[in-house]
Amino acid sequence: MSTLNPVEPLLRSDRLPHIWCPGCGIGITINCFARALIESKIDLDSVAVVSGIGCSGRVAGYVNLDSFHTTHGRAIPFATGLKLANPKLEVIVYSGDGDLSAIGGNHLIHAARRNIDLKVICVNNLTYAMTGGQSAPTTPEHAVSATSPYGTFEPPFNLPHLVEAAGAVYIARWTTFHVRQLTRAMSEIFKKKGFSFIEVLSPCPTLYQRRNKMGDGLDTMKFYKEKSRIRHGAPTSEVGLTLNGEIIVGKFVDRDRPDYASLMRAQYVEALGDRYVECRETTCN
Amino acid sequence: MATLTMPVEEKKKTYEQEALITGAEAIAIACKLANVDVVTAYPIRPYDTVMQYMSQLVADGEMDCEFIVAESENSQFEIVKHASVCGARVFCGSSGIGWMYAMEVLTVTPALRVPMVCLVGNRALDDPGAFGVEHNDALAVRDLGWLLNWVDTAQEALDTALIAYRVAEDRRIFVPLAISCDGAFLTHSQALVKVPAAEQVMQFLPKYDRGDLLLHPDNVISVAPQANEDWVMEIRRQNYAVTERACDVIREVYADFERIFGRKYGNPFFEEYMTEDAEIVLLGMGTLSTPVRVAIRKLREQGKKVGFVRLRWFRPFAGAEIAKCLERFRAIGVIDRDLSLGAPDLSGVVATEVRSAMYTSAKTRPPVLDFICGLGGREVTVPDVGKMTDIVFQAANGKAQPLTQWIGLRG
Ligand SMILES: Cc1ncc(C[n+]2csc(CCOP(=O)(O)OP(=O)(O)O)c2C)c(N)n1
Ligand code: SF4
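In the order they appear, the protein sequences are chains W and F. For the first sequence, position 95 (counting from the first letter as 1) is numbered 95 according to the numbering used here, and the numbering increases by one without interruption. For the second sequence, position 345 (counting from the first letter as 1) is numbered 345 according to the numbering used here, and the numbering increases by one without interruption.
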């Protein structure tokens with residue numbers, strides 16, 4: 001029997017040890033992602049992982065797949081380019097809450113609006129971790145951060161609600177405690193056509209939990225376990241996060257609407273009839 | 001325009017306190033002393049330390065200002081730009097690629113006559129995402145009408161921030177100003193700093209007054225209306241005129257600084273080290289002065305008469321004065337912590353400017369060599385300085401040298 005961990009071939013072991021702190025949740029999300037890839041038997045050559053900048057953004061450098069570590073906030077436009085150039089690619093955007101919803105927030109809502117076939121995994125540690133734990137658009141009200149020593153007072157984004165309003169077809173939220181559900185959600189999005197979004201709550205014990213006196217990585221797992229309530233199909237308007245309150249998890253949205261590529265095709269066929277010739281596939285090998 | 005008539009009372013000086021602080025903290029304290037009204041932030045290393053200090057000062061009620069973490073550098077700079085138009089004294093800043101992401105705003109502020117003061121915690125541009133110092137971030141705005149300077153110590157950072165507000169907000173100037181602090185080497189290094197008393201600062205720094213340029217219901221003006229070829233040249237000329245006046249205003253402000261705070265900076269535009277009897281000099285900006293000075297002391301023990309010129313102000317570039325200073329040496333070695341890919345002789349930004357100034361203003365034609373060194377935060381080491389010195393001496397002795405050389409590059 002091989003002693004190799006089944007996910008190991010999906011990691012660039014030569015890049016280990018990784019940069020993440022003890023108790024950080026990002027590694028758990030990769031484990032789930034790797035298992036989802038294995039379980040879904042997807043052709044790994046057709047998968048591309050695109051990330052922005054941040055602790056979560058480092059994922060692109062550790063997965064043994066075609067990957068790109070883009071500039072901060074720009075993972076979605078980059079992924080859009082990949083998908084347009086080679087529609088057969090399964091393009092995964094793997095990045096942080098700050099990257100995706102602050103500096104890259106505009107791209108997030110527009111990609112959802114277009115319903116371009118991208119799969120977004122948003123690691124939400126409720127702060128800009130890599131730069132030292134400042135208040136981000138996801139930091140819950142009253143939470144202490146590097147820029148709010150006496151508590152944040154800006155209302156945060158409710159990300160599932162935001163992307164639902166913008167048009168995403170698949171929306172789920174899990175925490176790093178829910179490894180099986182998270183793995184399942186990650187394999188589900190491979191089957192989905194259109195803009196899919198998974199929010200993963202993940203501990204940043206070094207900056208967020210420590211400042212908010214919420215303990216270490218293990219304490220955060222217990223916190224997730226205690227506070228989470230699974231409510232599939234919950235109206236996303238009701239799933240906003242608070243500092244110490246309930247965490248609603250589950251699959252909130254699973255709907256169908258034509259994706260960007262099919263809308264484009266339909267429009268050209270209608271306008272041009274027989275004269276419309278589908279673009280030849282870009283060769284990619 | 002600021003005119004100051006109040007004499008300095010000796011006892012004011014005693015209010016000055018000493019504190020062990022980093023370069024970034026020194027800038028934050030200067031902003032507090034300058035009574036800045038609006039501060040915006042977006043995290044990026046190494047600049048982000050300043051926003052952390054400042055948010056603490058604001059939260060503790062020590063600094064009475066509005067502070068907001070924007071959702072990106074672009075909005076960060078937009079917010080202060082407009083606050084400034086409405087009469088608020090503002091502070092902002094960034095590093096590396098974050099500064100570049102604000103470029104749209106950085107481009108329009110000089111023409112809009114917004115005297116915002118910014119910190120650039122110098123950092124290498126992406127890729128490959130290095131955190132260390134390089135000067136191309138701040139230099140990216142060198143042709144756009146910004147004033148730019150480089151500081152060397154936490155004390156100079158604090159003093160220069162106060163000077164910066166005085167210069168930028170002078171009605172003869174009224175353009176944005178960026179203070180560059182080398183990432184990590186200065187932003188994160190602690191040193192003893194003399195923190196002036198609020199009263200002294202009040203004497204030095206008048207209230208920010210936009211006069212007829214104030215956007216206010218009682219002063220109905222339109223900011224940034226569209227203009228085409230009918231007016232563009234005239235608008236550009238106004239910014240050009242600022243650069244014509246800037247050197248004189250800076251000189252005035254440093255003289256006043258010395259009068260009020262008692263700290264002497266000598267020539268505002270550059271600082272000389274062991275140049276009196278030097279045969280050759282090295283020239284550079286920022287914290288590389290530390291290893292250079294150490295090396296010079298060692299080299300002098302070996303009888304090598306080398307000096308150093310540290311450039312403080314890059315914009316305006318005091319070309320005639322710099323040329324006058326440099327024409328007395330047999331050869332000059334510029335250390336560029338930046339690149340200007342494809343420039344004449346493939347040299348860096350500073351060397352190219354120095355050569356240009358020398359061509360028009362110097363009486364002699366000493367060779368001006370360029371060294372690309374210390375990129376991405378790599379240390380400029382004492383042996384590096386020794387090597388550069390030897391090369392410059394060879395050029396001084398008539399042995400032809402390549403005009404641009406990389407120093408400290410792995411083989
Ligand atoms: C244009 C630009 N601005 C700022 C930064 C600095 N920066 C690097 S990572 C980061 C925040 C990352 O936060 P998030 O996306 O939430 O990821 P995390 O580190 O929390 O996993 C920032 C602001 C940058 N790299 N580029
Ligand atoms: S700083 Fe936070 S998010 Fe980043 S690696 Fe450490 S624990 Fe993880």
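It is worth saying that the hints were derived from the structure and are not from the lab. Think of the CB as a built atom: it goes at the ideal place given N, C-alpha and C, for glycine as much as any other residue. Accuracy of the hints is not assured; some may be wrong.
From the derived model, a few chain W residues whose C-beta atoms are all more than 12 Å from chain F [to be verified]: (1) 4; (2) 18; (3) 20; (4) 73; (5) 74; (6) 136; (7) 152; (8) 154; (9) 192; (10) 228; (11) 257; (12) 259; (13) 273.
If you anchor each label on the Cβ, the simulated ranges turn out as follows [stated by the list, open to error]: (14) F/406 x W/191: 49 to 59 Å; (15) F/233 x W/14: 50 to 60 Å; (16) F/172 x W/110: 42 to 52 Å.
Far from chain W by the CB rule (all over 12 Å, computed), these chain F residues [unchecked claim]: (17) 64; (18) 82; (19) 111; (20) 171; (21) 190; (22) 277; (23) 290; (24) 346; (25) 361; (26) 363; (27) 406; (28) 407; (29) 411.
Hint check results:
1. 4: The assertion about residue 4 of chain W holds, with a minimum of 31 Å to chain F.
2. 18: Given that every Cβ of chain F is farther than 12 Å from that of residue 18 of chain W, nearest at about 16 Å, it holds.
3. 20: holds (17 Å)
4. 73: violated (7 Å)
5. 74: Violated, since 10 Å does not exceed 12 Å.
6. 136: violated (8 Å)
7. 152: violated (9 Å)
8. 154: violated (8 Å)
9. 192: holds (28 Å)
10. 228: holds (28 Å)
11. 257: holds (28 Å)
12. 259: holds (28 Å)
13. 273: Consistent with the label, residue 273 of chain W stays out of reach of chain F, its closest Cβ about 42 Å off (over 12 Å).
14. F/406 x W/191: 49 to 59 Å: Hint holds: Cβ distance 53 Å, inside 49 to 59 Å.
15. F/233 x W/14: 50 to 60 Å: 58 Å Cβ-Cβ, so the 50 to 60 Å window holds.
16. F/172 x W/110: 42 to 52 Å: Given a distance of about 45 Å, which is inside 42 to 52 Å, the answer is holds.
17. 64: holds (16 Å)
18. 82: holds (19 Å)
19. 111: Holds, since 26 Å exceeds 12 Å.
20. 171: Non-interface label on residue 171 of chain F holds, nearest chain W Cβ at 34 Å vs cutoff 12 Å.
21. 190: holds (17 Å)
22. 277: With a cut-off of 12 Å, residue 277 of chain F remains clear of chain W, as the shortest Cβ separation is near 47 Å.
23. 290: With a cut-off of 12 Å, residue 290 of chain F remains clear of chain W, as the shortest Cβ separation is near 26 Å.
24. 346: holds (27 Å)
25. 361: holds (41 Å)
26. 363: At roughly 48 Å from the nearest Cβ of chain W, residue 363 of chain F sits farther out than 12 Å, so the non-interface label holds.
27. 406: Given that every Cβ of chain W is farther than 12 Å from that of residue 406 of chain F, nearest at about 27 Å, it holds.
28. 407: Given that every Cβ of chain W is farther than 12 Å from that of residue 407 of chain F, nearest at about 30 Å, it holds.
29. 411: holds (24 Å)
The structure fails to meet hints 4, 5, 6, 7, 8 from the earlier list, while all remaining hints are met.
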